[in-house]
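Mind docking chains B and C on chain A? Use the hints.
Chains as they are written, first to last, in my numbering: chain A, 1 to 468; chain B, 1001 to 1482; chain C, 2001 to 2088.
Examples of chain A residues lying across from chain B (beta carbon under 10 Å, computed):
| id | residue |
| --- | --- |
| 1 | PRO48 |
| 2 | VAL143 |
| 3 | ARG265 |
Because the hints were derived from the structure by calculation, they are not lab data. None of these values were measured; they are calculated from a predicted model. Ideal placement from N, C-alpha and C gives every residue a C-beta, glycine not left out.
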Amino acid sequence: MTKIGLEIHCQLTKLESKLFCSCKANYREFEPNHNICPVCMGLPGSLPRLNQKAVESATSIAMALSCETPEKIAFFRKNYFYPDLPKNFQITQLNVYGNTSVGGEGYVRVEDKKIKIRRIQLEEDPGRIIYEGVSDRTKITLVDYNRAGTPLVEIVTDPDFESPRQVRVFLNILSDLLENLGVAEPGLEGAMRADGNVSIEGGSKVEIKNIGSFHDLEKALHFEITRQQSLFERDIEIAQETRHWDDRRKITVSSRSKEEDQDYRYFLENDIPWVKIDQSTRDTLKENMPESISSKKERYVEKFDIAPQVAEIIASDRYYSKLFENAYSVHNAKDIANLITTDVIGFIDTKEKQEKSKITSQHLSDLIDAINSKIITRNSAKVALQEIMKSGKDMKTVLHEMDLRQVSDSSEINIIISQIFDEEKQAVLDAKERPETVNFLVGKVMQKTKGKADPVKTLELIKSKLNQ
Amino acid sequence: MNLNTSILKYIEDIKSGSFTVEEFTATTLQRIKDVEGDVHAYLSLNDSAINDAKLIDQKISSGGKVGQCYGFPISIKDNICITGTKTTCASKILENFVSPYTSTVVNRLQNEDAIIIGKTNLDEFAMGLTTEFSAFGPTKNPWNLDYVPGGSSGGSAASVAANECLASLGSDTGGSVRNPASFCSVVGLKPTYGLISRYGLISYANSIEQIGPMTKTVKDSAFLLNIIAGQDANDDTTIDNNNVNYLENIEDEIEGKKIGIIKEMTASDGLSSEVLTATKDAIRDFESLGALCEEVTLPTIPYTVAAYYTITSTEAGSNLARYDNIRYGYELESDGYEYNSYISKSRTKFGPEVTRRIILGGFVPSAGHAGKYFLKALKVKSKLISETNKAFEKFDYLISPTSPVQPFQFGEKIDDPVTLMLLDYNTVTANLTGKPAISVPYRVINGLPIGIQIMANSLEEKSLLQSAYALESKTNLPEVPL
Amino acid sequence: MIDENEIIRVAKLMKIDLEDHDEHVSRVKKMLEYFDILDKIDLSSEEITSQQKSLDELRKDEFIPNDKKLIESLKNFREYYIRAPKMN
Chain A
1 MTKIGLEIHC QLTKLESKLF CSCKANYREF EPNHNICPVC MGLPGSLPRL
51 NQKAVESATS IAMALSCETP EKIAFFRKNY FYPDLPKNFQ ITQLNVYGNT
101 SVGGEGYVRV EDKKIKIRRI QLEEDPGRII YEGVSDRTKI TLVDYNRAGT
151 PLVEIVTDPD FESPRQVRVF LNILSDLLEN LGVAEPGLEG AMRADGNVSI
201 EGGSKVEIKN IGSFHDLEKA LHFEITRQQS LFERDIEIAQ ETRHWDDRRK
251 ITVSSRSKEE DQDYRYFLEN DIPWVKIDQS TRDTLKENMP ESISSKKERY
301 VEKFDIAPQV AEIIASDRYY SKLFENAYSV HNAKDIANLI TTDVIGFIDT
351 KEKQEKSKIT SQHLSDLIDA INSKIITRNS AKVALQEIMK SGKDMKTVLH
401 EMDLRQVSDS SEINIIISQI FDEEKQAVLD AKERPETVNF LVGKVMQKTK
451 GKADPVKTLE LIKSKLNQ
Chain B
1001 MNLNTSILKY IEDIKSGSFT VEEFTATTLQ RIKDVEGDVH AYLSLNDSAI
1051 NDAKLIDQKI SSGGKVGQCY GFPISIKDNI CITGTKTTCA SKILENFVSP
1101 YTSTVVNRLQ NEDAIIIGKT NLDEFAMGLT TEFSAFGPTK NPWNLDYVPG
1151 GSSGGSAASV AANECLASLG SDTGGSVRNP ASFCSVVGLK PTYGLISRYG
1201 LISYANSIEQ IGPMTKTVKD SAFLLNIIAG QDANDDTTID NNNVNYLENI
1251 EDEIEGKKIG IIKEMTASDG LSSEVLTATK DAIRDFESLG ALCEEVTLPT
1301 IPYTVAAYYT ITSTEAGSNL ARYDNIRYGY ELESDGYEYN SYISKSRTKF
1351 GPEVTRRIIL GGFVPSAGHA GKYFLKALKV KSKLISETNK AFEKFDYLIS
1401 PTSPVQPFQF GEKIDDPVTL MLLDYNTVTA NLTGKPAISV PYRVINGLPI
1451 GIQIMANSLE EKSLLQSAYA LESKTNLPEV PL
Chain C
2001 MIDENEIIRV AKLMKIDLED HDEHVSRVKK MLEYFDILDK IDLSSEEITS
2051 QQKSLDELRK DEFIPNDKKL IESLKNFREY YIRAPKMN
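For reference, chain A alone in the conformation it holds in the complex (with noise of 0.2 Å):
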């Protein structure tokens, strides 16, 4: 009886600036300690100011996990010495006086399984460290401090997960919920982290913590889980503590106690007065979210009688879903769909490759029409994908262009067959034979058009050669 419960960490980057301060949000294009100014360096004097739409994007991530939101917010001071910690203290939330962070008690749908959302709260990122030096005991520390201050939503769940399979099937639907908000990008690197506790047959929580990536949280999750289940068949208690990832060694080690002697002395940050978050502003932050993906799957399913498969795939990506539903009329909305998933999808596979790609809706549109009257092949249309994904030539350009218009005169395919019947007498002895094999031919007479004979007309012209 595995139980898994993730504390993660997602950075609002697609805010302007930091949480409390004008300096950007997304650090990365800086030089080190070039995104940074008297607030965010915490120097004597200076104050922290709120960021509007940090609230409203939390709040919005709180709705979307069903959380529940309260009336007012609050933030308080966790105080420990660090030196990624301009302030020696990271400004954060806490459920102290009620609920004051921006969400809780909500939840995500996994597979067949309700995960319980614990809390979600607002918090500002500390810079980063760097170390450099050989071995361990001439490590200098470096700090960056562009980083200190960026937004961060930390997400809190119960131990509910029964997985680390789980946990991954998870984090995809919450990356993808987030993107779909427009609120973070969990591609970036390092804008999004998550930490874990594991326990197995009722036993004591290990927290382990330091985990880099999503692909180092599932190999920390297996480690672990062995570990305390060899433990326990060998009769040894596991102990209660918080181990970190070492992620040379592929093993999950403890830390040493210091976790133990730490005393927050959390109190509330003075310096920002509680926010009030009416219902009527909660009201309108759910109607301007952008349609959730389920409800966008949805749609597209029951309106346009696409298969679920193809609608699960398009809605859970904005961009697909742009494409779609910027395509689509009432009679072609099946075929964009297929297009985009089998085709589509096969040349677009990455975040970069999205924004270079010069395809756009009308594109897809007319490529459609142009299967549909007979104008185009199917595979010469993939043809002229590939070629307006990167010119973005409108589609009757490229196919003059490229010479792909689809061939259907049945003399010009003849011609085309009785080379091929001369190039493949064993093969044409096969088909006579077997006809199931015919489509090798079929597909030769493609290869020398260049998939441009029209392939029902090909298969119909090869069969009646074959009979003669």
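Just chains B and C now, with coordinates in the frame of chain A:
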């Protein structure tokens, strides 16, 4: 030209051509040279003061637009940041810290052509009541150099009292503007929490502290308030004051106003006999002005000092955590140290009082002790707020002597921590409740000043200043002997 | 009764070095003992109060670049990074 003048009189004189800004500035700088050896109010002086003065004179003579301040000299407590100048908080740990930005209040003053003459001495990080805890030596009371000027804004108060400038900005966390104002016979105002921006004020206890003007007259205080008060985008805790003009109608009478005499702050066994007598006389003066005085009890007051020190040490422990000597501070090579030992070594530069407050501030909110100390202190704060709110339903003002005692000699009080803490007895209420309070210089007995404190309800500075002006009109104070 | 060892432990947490400073411990102890007065007041009905603002009063989400030279005015600055003592 007389340096013992008020801001408003100075401006009149500049406008009428009695003297130039440069002349007044030069005379002020000379005065500083003459008395600083004795007083030690300043930690640093502004090298370009004369140049600033010349520029303003040029503006005046060419008929250009001149700011409201007409170049009057003002000193700034050295826990308030000004670009390019050292801001030390009177601490060795910041002795070379040069701020890369300017506080809002100084910005507003500079925009109105005030001349910043220099930065004044304080108890280290504003923690103290006598300025004896400054790492750079104490400031002396200009009324008697063997006596303390009060604290923590002792340098600010002394600089005004000694005619080394016409006004100063101090900071008040538990009485740090009003207490030295009382000890040095100047006007000291702690405004409503949130009225004046704290951007650039180096934090000690950020939930209750405020910058406050220290001046020779009540009208000058109103004048300064007009310039520095008001909402600031750089400080989320500032509130909108609707652009009130504090100087307008300041001479309005207080006839018929109801004044509550705070029983717990005026008990005869808590005050020295001189202070008690002065208080009684002040009450009579108020009555002669037509106000109705009556005793009022605020039963939470005996607990306020404990609550105050619990809350402020918690916040100080957190606000001073950033001083780890890594990003700014003083020169100390990190070779041979590791992180924790380096920080501990660096922080030995804190003085004894700051060190003790930090330890307290780690103790009282810690997991095992917060319930007994910190959380209780917060509740005392809430209780006090309700109590004073209730009192202000009946009364327009609440009064008491600012300090239970007159100024005392150096070394007299700093050895017993509890005695020291209790000097704040009459002043912390205004900080804990966030309500405005002013100390008006009332009397000098045996050469030592006594101030009377008036409190008003939140955002009632305009009314408060009227009552202060009225009381001031009844006083007849000697000139400082220095 | 306040345990002096507790005070010493807290000082360490606050990165305060207490060598040669026994007087600090005893003074802090005296101050804490004074705070016992807080036990004597009835606070059962009190709630924590605080300042409040509404969402639309908060700072608008805008990127405003800061002075690039800020980092150079801070100490321990070495080729763009801040150099901190080595970690244990």
